[in-house]
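Peer 1: Each protein sequence line maps, in turn, to chains X and E.
Going by this note's numbering, the first residue of the first sequence is number 1306, and it counts up by one from there.
Going by this note's numbering, the first residue of the second sequence is number 186, and it counts up by one from there.
Heads up, a few of these hints could be off.
Below are the DSS-like pairs computed for lysine-lysine, each with C-alpha atoms no more than 30 angstroms apart in a straight line [as the list claims (entries may be wrong)]:
id, chain 1, residue 1, chain 2, residue 2
1, E, K366, E, K735
2, E, K658, E, K336
3, E, K242, X, K1763
4, E, K785, X, K1507
5, X, K1660, E, K785
6, X, K1629, E, K785
7, E, K734, X, K1494
8, X, K1601, E, K785
9, E, K363, E, K336
10, X, K1767, E, K681
11, X, K1494, E, K785
12, X, K1767, E, K252
13, X, K1699, E, K559
14, E, K681, E, K364
15, E, K645, X, K1767
Derived from the structure by calculation, the hints contain no laboratory data.
Owing to the predicted nature of the structure, the values given are computational and were not obtained by experimental measurement.
The chain contents come next:
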Amino acid sequence: MKNEFLEHRLNINRRHFLGKLGLGIGSVALGSLLAPNLFSGSPDESEIVYGIPHFAPKARRIIYLFQNGAPSQLESFDYKPMLNTMAGQDLPESIRMGQRLTGMTSNQEKFPLIGSYFKFNQHGKNGAWVSELFPHMANIVDELCIVKSMHTEAINHDPALTFMQTGAQQGNRPSMGAWMSYGLGSENKNLPAFCVLLSRGKGNGQGVYSKLWTNGFLDSIHQGVQFSSSEEPVLYLNNPEGIDMDARRRMLDQLSQLNSMAHEEFGDPEIQAKIQQYEMAYRMQSSVPELTDLAKEPDHIIKMYGPECLVPGTYAANCLLARKLSESGVRFVQLYHQGWDQHGNMVGEMPLQAKDVDRASAALILDLKQRGLLDETLVIWGGEFGRTNYCQGKLTKDNYGRDHHPRAYTILMAGGGIKPGTVYGETDAFGYNIVKDPVHVNDFHATVLHLMGLNHEKLNFKHLGRRYRLTDVAGKVVSGILA
Amino acid sequence: MKIQQVGKLFPILVAVVIGTTFYVWNPIPALTNANDLPEIVSYNFHIRPILSDRCFKCHGPDAKQRKANLRLDTPDGAYAALRDNPKVHVIVPGKAEQSEMFLRISTTDTAIVMPPTSSNLKLTSFEIDLIQKWIKQGAVYQPHWAFIPPKDYAVPVTGKNWAENEIDHFIYVKLEEKKLKPNDEADKERLLKRVHLDITGIPPTIAEQDAFLQDDSPNAYEKVVDALLANPHYGEKMAIHWLDVARYADSHGYQDDGLRTMWPWRDWVIHAFNKNYPYDKFVMWQLAGDLMPDPTKEMLLATGFNRNHKITQEGGVIDEEYRIEYVTDRTNTFGKSFLALTFECAKCHDHKYDPISQKEYFSTFAFFNQVAEKGYQGDIFSGTAADPPRLKISSDDVEKLLTFINKKDSTDVNVMVMRDSSRLRPTYILARGAYDAPAERVDFNLPSAILAFDTTVFSKNRFGLAQWVVNKKNPLTARVFVNRMWQEFFGRGLVKTSGDFGMQGELPSHPELLEWLALDFMNNGWNIKRLVKQLVMSSTYRQSSEVSKKKLSIDPENIYLSRAPRVRLSAELTRDQVLASSGLLVKEIGGPSVKPYQPKGIWEASTSGRGLLSRYIQDHGDKLYRRGMYTFIKRTVPPPSLLMFDGSSRDQCEVKRLRTNTPLQALVMMNDPMVVEASRVLAERLMNENSSAEEKIAKAFRLILCRKAQTKELGILTDYFEKESKFLSTNISSAEKLIATGEYLHETVEDKISLAALIEVVITIYNMEETIAKT
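Please model the entire structure based on the sequences and the hints provided.
Peer 2: As structure tokens, this is what we get:
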């Protein structure tokens, strides 16, 4: 029966089949023949291999710690002492070179330069500069690759975030995690391939939007699924009051009998797929609560991430949960932490934001390492653009703010396939323009896909007449950061 | 050739080596033999899809990208001599071996093979053979089918005994070709459910089921269809698809995502369908109601269509960047919704596949570039729910003119509408599509390959654009609309890519039928209800959805319609089905969108914390039980169950929904308080009826599945009921928790154990595959 069913489905829309069964990598054997369009220009479907990378991957899973709102590179990892000595002087036009301004500073008469009010020190074997606000990250700087030369095209949060996550500023394109799910499937048949965790800091915040974890034109099986360590870790996961797992099992046993009768009557393989989806839902109900119960973690782990990790919805809790999900085979865990939009009150907000994330981010990397997972897990830390080297609003002795700066910003990468203990790219002494090894958002995406064993030019999907890629029509792998 | 085939297998070998833990099924070699080639190779049906997909990117309409000054999309280009070698011609009709194009696609020399290896594109040996045969037969080009006016095909004469109307004759011809026979008509109960869900979206009541079962008159079905078409819920059902097309939502989108009040426009759409406005009028008013002679308030309201796009309230944005974004959205939506063309591809460069130049893109853009609007009206605090230009609707208007608007309170409501500035805003080609890179200035115009924009016939403004769309010579408008209606009723368009009728779109499965329907639609006054009736009266529609193994192997996707499609209901109709069958549905039409149960904290987790919509304040009472289409759509955080069931986030114009089947959907159906509450309410009612447990279950089954349960089904459920009753009698607290579900008024039921067991049974029935399927 089973083979017959599968054979039928082979003839059917192959892409949909996989979606409907929610197959993980364990079932990749099927997938191998089931996904058209994965490799461009291969109309002969015998070439199509789904769920198998194009070449040997360096990383198998990704944890992306998105710092939403754009943390200032100048108060964290891009040390520019000259800005302190030139504080108050106007940004020279020879440096600005016509860079457009947001509506928030375009009316400012002057653009007074301002350096970090927080101290920097050198750390690690390579003597990388790290701000005093990130002591835990400074301790593990030898694990990190600090990319100081990221640049983007967008100057406002919504398009910039959307660009970082989906490769396009506008539109409902699949996000990175959805592409990974589509390209590689899941490693765990009880969990989605793409999970999303949200938290909020104390600083000026910008929202997040479900389009950031959308499947776009891919099947909705590739949609990011929101997880949390709260009482209901996945939407609609909990049984109604009065129905326990035993009762649920009994119900499903009746249900599969009824649905099997429908299959006998109609012969529609969709009905079989439905029965399997209910079984997977049940397995999720059984396995997820245990997975998301962080209280069972041993004390030394809780200590690493900090006591906040036991409070559901905090960044620390999400980092710990991310490790558990990733460890269980979730292909792409996407965190968002809000609150990094310091147009003003840099001095008040930046330390709070840094405190929220510093310890847990470092703990996550160390925790992965001690489990032998860091080699195969790519960890990314960063926002959607940088911040200006000049002050937004009034520059005072005690405080200042920074506007959006798309031309240069810093992100961190660690783990799977990344050269540890490196600093890549360089900005000028003003911290304004990139002077060495620029990395465009498309390049970043190409590199991440490369680490996962996927060729960014070949991982595509034909939709409304054209083949779409995460990297759209550009992107080069940044070989300088590869191990 | 042999070398190429080894090359093709290579990636698989590599993959197998890498993925040692996986096994790979036997790759099917690309074996073809000459016998498989069609007798006559057609450019439109066989060759162009290949050339468009693999060649036109560099040898097609985009002049800037064209390599070697060689184009294959026109006969002139294809028959021309090579630039570097005038003695050699690209294609020599009749002589494949003298055609450079054929030599280059068939060579084994990877240095010169086309497409080049660097493109990651290649041709299969079958495709190469096809092209060879096509050249031998004279390399005859044809204009793209969708860009020439529909031809008046005679209705075929086959299938006489089966056919109910013209549609069936066309369908039957193809079935015969494929050696398929149509299914018998579906049983009456399932047919009734199907037609109810398709026309009004509300399942038939038991009384309606009985009436239809007992009506033996030959026109029993037609009577049902006519009644449904006259039912005001028809307008709601039809509107759901149009709201996707129009990217309707209740918030502005972008960053802070504040409230907007476009719902009176949505009420108008329902009204327009119910009044059966002809499609040309429906389109004219939405595109240019404000430019009609002496426009009424209703006409102005209709133009809200073009203001449904997202609007930013993010502080610090550059005004012009976003104003251009809105005009772009209108232009792209225009292309997709009325013409099924991917206009957006021509914003940054000439379209790579279709005859839309960048200049034509911006000439079209010019029509939508005249709105008296700003890109940034204000942030979440200073902005409004309806940025100008807007139409103020007072209670007086609703009483006298706009009676279809469901406005209960006395405050005025503002709706964004179209109004052009008094001064013409010049439009420029934007280099690479960038808002700050204006180049050559352009005038109003529309893609001439579709229909020349003759200014002696059409006004030089948006009104003229609307005239151009509904002009009977426009080859796309009617085809695109009838195809989408076909898609809504049959689950798949005659052109599968209902949003792309261009070169890269799929060819129609039944070209003659599509042409016939399009002409018939135009010749009968663009009458939408008539079209719907045609579709549902056909024998094709009325077939059962059973599928034999033979049919599954010959036609797995059901392209040829030898059976009715069996498809899952949309997100909205899934909700309606549960609420209606339980008796909870509040059938009120229109009005402000509502906020029913939603898992806690979803808006709160995503919001910036600013504005009215930073917290989800759930409604109570009747508002919990409105149809799915009235659920409030906050664009940045759409209702999660809507997304899980493949609904549109209303970010952009969408003309087709995916239909997936995921475990998250199972979780919703099992655990959504809406389903559990509906089960509780229905079970309470049944408990208070004077009937046996088995009768109660049978009735629930009939209400939900709209058919009588088979003996075996009823047996399974009754056994389940008894087992659960026994179990619950020792777990009274479980029973008490379950029966406490939901805000809806509780009926007093003595036997709490049986009530709880019955709730479990009803939940099970709601989770049956057939419940939310059109069978």
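Peer 1: Which of the numbered hints above does this structure break?
Peer 2: 15
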